[in-house]
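Fit chain E to the supplied structure of chain W, relying on the hints for placement.
2 protein chains.
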Amino acid sequence: MRINRARLAESMDALGRIGETPRGGLNRVALTDDDRRGRDLLVRWMKEAGLAVTVDQMGNIFGVRPGTEARPPVFMGSHADSVPTGGKYDGQLGVLCALETLRTLNERGARTPHPVGMIVFTNEEGARFQPAMIASGVMAGKIPLEDAYNARDRDGRRLVDELERIGYLGSEPCVPRPMRAYLELHIEQGPILEEEHLPLGVVEGIVAIAWSRVTVHGVQDHAGPTPMRTRHDALVVAAEVVGGVRQIARKIGGDLVATVGRLDVVPNIPNAIPGRASFSVDFRDPRESTLDRALSMLDRVVRAAAKREGVRAEVEHYWRVPRTFFDREVVDAVEEAALTLGCGHRRILSGAGHDAQYMAAICPTGMIFVPSRAGRSHCEEEFTDLDDIEHGANALLLACARLAGAGPATAGRAL
Amino acid sequence: MRINRARLAESMDALGRIGETPRGGLNRVALTDDDRRGRDLLVRWMKEAGLAVTVDQMGNIFGVRPGTEARPPVFMGSHADSVPTGGKYDGQLGVLCALETLRTLNERGARTPHPVGMIVFTNEEGARFQPAMIASGVMAGKIPLEDAYNARDRDGRRLVDELERIGYLGSEPCVPRPMRAYLELHIEQGPILEEEHLPLGVVEGIVAIAWSRVTVHGVQDHAGPTPMRTRHDALVVAAEVVGGVRQIARKIGGDLVATVGRLDVVPNIPNAIPGRASFSVDFRDPRESTLDRALSMLDRVVRAAAKREGVRAEVEHYWRVPRTFFDREVVDAVEEAALTLGCGHRRILSGAGHDAQYMAAICPTGMIFVPSRAGRSHCEEEFTDLDDIEHGANALLLACARLAGAGPATAGRAL
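Chains as they are written, first to last, in this note's numbering: chain W, 3 to 417; chain E, 3 to 417.
Okay, chain W solo, but in the shape it has when bound (with noise of 0.2 Å):
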């Protein structure tokens, strides 16, 4: 039993032309009108599929596939939506892959005692809500509900009134359910795999994530004759921080990385003296201590900064996800598709945040991993070969058979 690699192609040049940038990337940011247009077609696919489709309270979309038996399904599935300039892979490969994988059940007529599925997550790249991940995160009971339902995006919008406005706000309660595994397929997003000449990775968990808000007040004024002396300026304290996250990974080294990504100047016009500054670091590190490191020399270089320019400054440190192990079963059923598949593979850890990594906190998961060019995402460069998606969702299909206790006489079709 393998997928379908014209057909799994064809849905992802559709649902790649929805959102698609002029230079052949996607801009379909959570809770758009090109995102509801993307859902609708994965919908409607799931639908045509034969799939029990449900909506819930977070807009997560549900697919299931019956199975033979009264058991938990095993589910797979990513995040439909992208960065503002992202890529085709990010996410919604790994949402066509799980569909590819039912539509081969399907045409295969495979029967499995446990339910087979798909889920399409909402905001997991917290480009326009923060934090990301935030629908497993509150399926996962780790994100009230009520917290993430009042996220709002820089103009002002809640997240809640949002998933309404694109008819995704769904009653089915965003909790843990049961359920036999949960598998997500995704872009490496980092070099190894490339490196490594190998088209899977076989992912045994996740970094430690923190994310941390900078807000520098200091006082706005005239560009022109304030003299130096008397300055407060908010950008100069947010610069020196910026240089100064860079300096900590420099100091602490290792696998530690740490990210300014975003930087929000008040009022931001060349003829005035930045009244306000407000920004984003991201520290990864497989070792929670390493991050607690960081956090604390953050505190300090913030301060410093402050104290030097005479201005007041914040630091929220408002999101944590730590380091994820994902379950032994469901890893070995991964590495033992890709061995019936014969491909290259390598143990792995994710250094990018996943739906997967709020998913382990409520039943046995694992990811696969395909090689992305030079190592690239969240950008419109973003490329992974064909050849390397095809080995991919193959081992979608043969872990998640297997882990659905697809019986000999499907197994022996599948294998």
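It is worth saying that the hints were derived from the structure and are not from the lab.
Incorrect hints may have been included.
Remember, identical chains collapse to one label, so a pair may be satisfied in a single copy or spanning two.
[Claimed, not checked] List of simulated lysine to any residue pairs, SDA-like, C-alpha gap at most 20 Å:
1) LYS309 with GLY245
2) LYS309 with GLY143
3) LYS144 with TYR320
4) LYS253 with LEU297
5) LYS144 with ASP35
6) LYS309 with GLY246
7) LYS144 with MET181
8) LYS309 with GLN249
9) LYS309 with ARG252
10) LYS253 with ARG295
11) LYS253 with ARG231
12) LYS253 with ARG310
13) LYS144 with PHE327
14) LYS144 with ARG314
15) LYS144 with LEU351
16) LYS309 with GLU198
17) LYS144 with PRO180
18) LYS253 with THR232
For chain E alone, coordinates are given in the frame of chain W:
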């Protein structure tokens, strides 16, 4: 002859309500709907004052009160646009004091050989369309009309289209016309008058100004799986230059002021390494040679920071206004008005750019400053005491009457 303080205060209140912020400041950015509403009110008042009102190709509004002879007019003026979270004095005050002067001349039946008029300039702040003072720049022949028309705001809208949209794309050529003099009353926007307890500044000139734009082209990538060693982060470079600009001011010292007021990051989300960062640099100093030195230091700082991060960066030195010396006769007329009024005053240099800077290339020009509380402006806390405003407006009236050649009869009543 003196202005009517209550009438002036009433007009300030009425115009200040258009675009008023919740905290009592002003948000009436150029060519927005609120700018149109403000302009409409001014035009109504100008017509009620019997002025002949015309609008030129840059949306500058002219209102002229006839003289007794066919001579070039004396113009007063300023701008009616504000920065996004600005105050109710910057610009607006000069326009309303000009109007109050004309109303007073009417009321007293003053006859002047030279006509007396007022100008409301378009987009002085440069908050929406760069550069600042764009409309007087065109008038003085320093900025091509086509360049000004093609200036775009953040959303890509062209200045000319917005002028047309709000109904202020006039037909009068925006070129130098014969003018006896140009006089602009403005808040100081600096701390000197307040520190010295003087209600009036006799402005001798304006510092030289240089605006640059720096664009850093990094490599957008995922903030998680991208190792620190392979990053090319545009914001890290920008931040280093922000610190470098502060250092340039420190090293050169003296009167140089240096500001990065605007910084835009792409894609500006927490979990993507910034692929692009662009920012403004504003240098001002009384000496041209100091600006030359600062600009070449900026070039070096950008080059070094970009090289360290392995990225490309462009620096455009796109706008420069030379040091302006105001006309001796006009400066003297302002000083004599202050002496006549018996109010404390001093000669002063402006650290802020004004339309008067370009007007000085067209005709004899001068300015009157009134104090700014705590020296603050371009912020909602901007404030000038009404007593000081009254002194300033009366000085404008007297200086204007003198320059317009008010005869002994008028002068007698005037002084």
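Exercise. State the violated hints by number, sorted upward, taking the hints as numbered earlier in the document.
Key: 2, 5, 14, 15 and 16
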